[in-house]
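Spelled out from the first residue to the last, the chains are:
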Amino acid sequence: MNNKQTVGIGNLIRSEAQRVFKRGRTWAVIAVYLIFVPLECLFLTMMNTSFYDPDHSVPLNSLNTAPFLLRELSILMNFVVIPMLAADSFNGDVSSGALRLALIRPVSRVKMFLAKWAVLGAAVGAMTLFTWAAGTVFGRIFMPAAAETTLMGAGTVGGLGAIGFGLGFYGMAFCIFLALIGVGGIVSRLAPNPVLAYIGMLAVIVGGIYVSDGMAFLLSVSDSIFHFLGHTGGSDAYLGWILCALLAGCVIMGAWSWGRREWMQ
Amino acid sequence: MNTAERDTNPRIVIPQAEPVLVETGNVTKKVRRRALLQNVSFTVERGEICGLLGPNGAGKTTLIRAMTGLIRPDSGDIRIGGRSVVREREAAVLHVGAIVESPIFFPYMTGRDNLDNLALLHPNLPTRKEREQRVREVLEIVRMDKRADERVKTYSLGMKQRLGIAQALLGDPELLILDEPANGLDPMGIRELRELILRLKHELGKTVLVSSHLLDELQKICDRIVVIREGEQVFAGSREEMIGRHSSLEEAFVEMMTS
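Residue numbers (my numbering), protein chains in the order written: chain E, 1 to 265; chain Y, 266 to 524.
Honestly, the hints are just simulated from the structure, not real lab data. Predicted model only: the values in this text are computed from it and were never measured. Please note: incorrect hints may appear among the correct ones.
To be verified - Calculated lysine-lysine pairs in the DSSO-like style (CA-CA distance at most 27 angstroms, straight line):
| # | chain 1 | residue 1 | chain 2 | residue 2 |
| --- | --- | --- | --- | --- |
| 1 | E | K22 | Y | K394 |
| 2 | E | K22 | Y | K425 |
| 3 | Y | K485 | Y | K466 |
| 4 | E | K111 | Y | K485 |
| 5 | Y | K485 | Y | K425 |
| 6 | Y | K394 | Y | K425 |
| 7 | Y | K466 | Y | K411 |
| 8 | Y | K425 | Y | K411 |
| 9 | E | K22 | E | K111 |
| 10 | Y | K411 | E | K22 |
| 11 | Y | K394 | Y | K411 |
| 12 | Y | K418 | E | K22 |
| 13 | Y | K466 | Y | K418 |
Chain Y extracted, bound-state conformation (with noise of 0.2 angstroms):
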């Protein structure tokens, strides 16, 4: 399918053909002449699982925020599928699921209420029967779906952790960005998490865009890593080239970010 034709039929979203699925060019976002990114380039191919490392306050979730389209690059592109989110942003993020920093919901509305009420802004999900099943399968692939009658205030941090990944499946998105989703799980939790992470990639086909802390997580399930510091992309490549003469993931992060 050649670029013409996509432009042109506006219900062909996603060009299959293309394995590059995100590509983002060179995005820079300064606030008040503070560069919270700068220059950040790299690619995530379909079916991938993309690691984005970085200590505290390096970028991460300002990168996320941007890829959303919560807020706008000074400069720089982002194009998920081949749409661009600073200019198309609801063309681009169509196929997009997000937990962006903790996921946190409307309180006054139950678990199952939260999901009902965003499914309404999923074109995808135009009837309520369409909803209605939506909401409970991805309650189900969470394993949410015993206490989605239940006030979200109610929920420890782990469960709303799961109901943040079931929103982001609303939509049955090509791309799942998760933004810390570990944070708040137990040891059973994370392992959990990993589970899931990995049966939505090999058994859903998603791409994931996963940032974390948990060293030890990335390794076992990302094929690629991106790696920021300052707002400064440090690296950019397959999770083998970024381990390189290393031990551990870990050992070439520590490196890295003293070096």
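One chain only, chain E, in its complex shape (with noise of 0.2 angstroms):
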């Protein structure tokens, strides 16, 4: 044994990483979720429209689908996926008491935060990746073939324009998610239980709107980030400052509540 007194981020990373994926409860709801993906994509083939909101509809073709996947699927990432992950990574084992064994040891508690919100990026990070990957798989396969599309904002584009507009939609939407899970962590620390927490989660997304129109991305992800990338105007002109300001307060909030809590259970 060395005499290193400081744990890697590494070895932070891969110890929470280790402690999300050996839960059933995990595993079962990414689960639900690949078992969505195709649904979905189903359900995209029957309709052959889709939506930018609820005033605007558009047919959908080979090029444009990826986007519309993710409007469809973005209301179980919002809350099933990311409030149960996070109610369970925040919450779960510190309200069990488990994480006590963590919390003796000399590492950071802040950076523990940090590790707990990495890891579930990561694996939200990578259903969405898989969620544009076969949004746009299937689209070019399924869905009428069209040489070139009109997206909002970004008018009429080709095949390579489209992906760029996807991969520019699935990065917003990610950020979107990011904040979320920030949000998963406060709340969490303010809950008793995972039970409460994930119930918290769900009012923080569905009251954000009664707060303000600057929160509505929280519950209708999909439209606020075309209005966004369209620039339709409105509050969610605003969403790229408002998911900075989010993911800040989240990052400081959450690093001073970690590393100031008293661990009584």
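Bring the two chains, given one by one in their own frames, into a single complex with the hints.
Below you can see the structure in the form of structure tokens.
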């Protein structure tokens, strides 16, 4: 054994990842999501039409399907996948008392909080990337072929432009998911058990729109991203800034809270 | 080694020349105006086994939580190996292994998985090979190597206690803090635990702080005793001093609690 005094961030993340992925519930949530991906693809094939928002429909084709697949799946992501994973990760082991075994070790609690966020972010990021890949491939194979398509904010684009738009759309969605994980970290800090943490997150998602229209993106992810990318004005015009503020706020509050917290469980 | 040298050289963690390993000074902790600990001050020297005694709700677990950095005292300080748990927690607990309250593990993992996972959080075990070797060693020390690959939720309380000691030993700590480690153990288990603690002291040179209600056991193993009642320290001294004119530790303890 050597005399190193700090735990490497790699080992910290590995430790957190082991805890997340050894839980049966994590795999159950991922499995449910993965089952819904082909089901939603099938749904899009049957409908052949989707919506930018409740007022603007769009016929689907081989180039524009990927963003609209996430439109269908983001509800599942925001209401089931992220709240369940975040409640388990940020609250489950804390309220059971098991995390005490990690907390008594010479590890920074702030880094521990950030490692939890990073691991969930990576998991959700992988699912988002998979959805983009599935939507893109599915669109090319099963939707009506098109040489170019018109996308809100991007105008008429060809194959490469559509892929770029899709990546931008999914990138924004990933940022929203990251922010929601951060919100989960804060809510879980306040809730006494994972069930209440889960309910608390749903309350923030739904209640956000009563606080400000600018928070509507937590409820209607795709509408807000389409409006933001389409420069349609309104509260979604500030989505980028609101996301930056929310992410920064969650980092600061989460790090402060985990650094100062008294661990009585 | 002087203090200045120690403070400027990060690789030197515990100055071996100093006999005192643990020093608590006027530790006070209040929750909603109720004092859980009040001016608790004692020392533990290297190589000693120190018993922490007190009735239920006396503040033993609160003190252990403060010593492991889970909670912060409102005033006073706890120094381990010369490092303040309050101001430099990570450095202070670097050479501490602990069971706090009952050992609760990650139930969805096996015993070995739990240890592998926690070993990742020890800076002195940076490589996989070192971690795997250390996990094997501590499982052998507590004689859990045969059942290590079963899920923790299938373990008896006694097995969980032994696995608890194994996780406390992971970082090869100089100080072991064991909160009620005999809970749930049968008489043979208690005897094995006693032999294990004595082995840790004599063969591995560990310092042990152990809280327990089993006064007979503490009388057999402890060099030093600290007694807490309603958050206040009522005794700190050697086992012989505590027993004094009484015939046993139990008799002395009962008189202390009823006087």
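Outcome of the hint check:
Annotation: proposed proximity of K22/E to K394/Y holds, straight-line Cα distance about 21 angstroms (limit 27 angstroms). For the hint pairing K22/E with K425/Y, the CA-to-CA distance comes to about 19 angstroms; that is within 27 angstroms, so the pair holds. As the CA atoms of K485/Y and K466/Y are separated by approximately 13 angstroms, the hinted pair is consistent with the 27 angstroms bound. At roughly 42 angstroms between alpha-carbon atoms, K111/E and K485/Y are farther apart than 27 angstroms, so this suggested pair is violated.
Our distance criterion of 27 angstroms between C-alpha atoms is met by K485/Y and K425/Y, whose separation comes to about 24 angstroms. Our distance criterion of 27 angstroms between C-alpha atoms is met by K394/Y and K425/Y, whose separation comes to about 25 angstroms. Taken as a hint, the K466/Y and K411/Y pair is honoured in the structure, with Cα atoms around 25 angstroms apart against an allowance of 27 angstroms. A C-alpha spacing of about 14 angstroms is found between K425/Y and K411/Y, which places the hinted pair at or below 27 angstroms, so the restraint holds.
Straight-line distance between C-alpha atoms of K22/E and K111/E comes to about 21 angstroms, which keeps the hinted pair within the 27 angstroms bound. At most 27 angstroms may separate the alpha-carbon atoms for a hinted pair to count; K411/Y and K22/E meet this at roughly 21 angstroms. For the proposed pair K394/Y and K411/Y, the alpha carbon gap of about 20 angstroms is at most 27 angstroms, so the pair holds. In summary, the hint linking K418/Y to K22/E is supported, as the alpha carbons are separated by about 14 angstroms, within the 27 angstroms threshold.
A threshold of 27 angstroms between alpha carbons decides the hint, and for K466/Y with K418/Y the separation of about 30 angstroms lies outside it, so the pair is violated.
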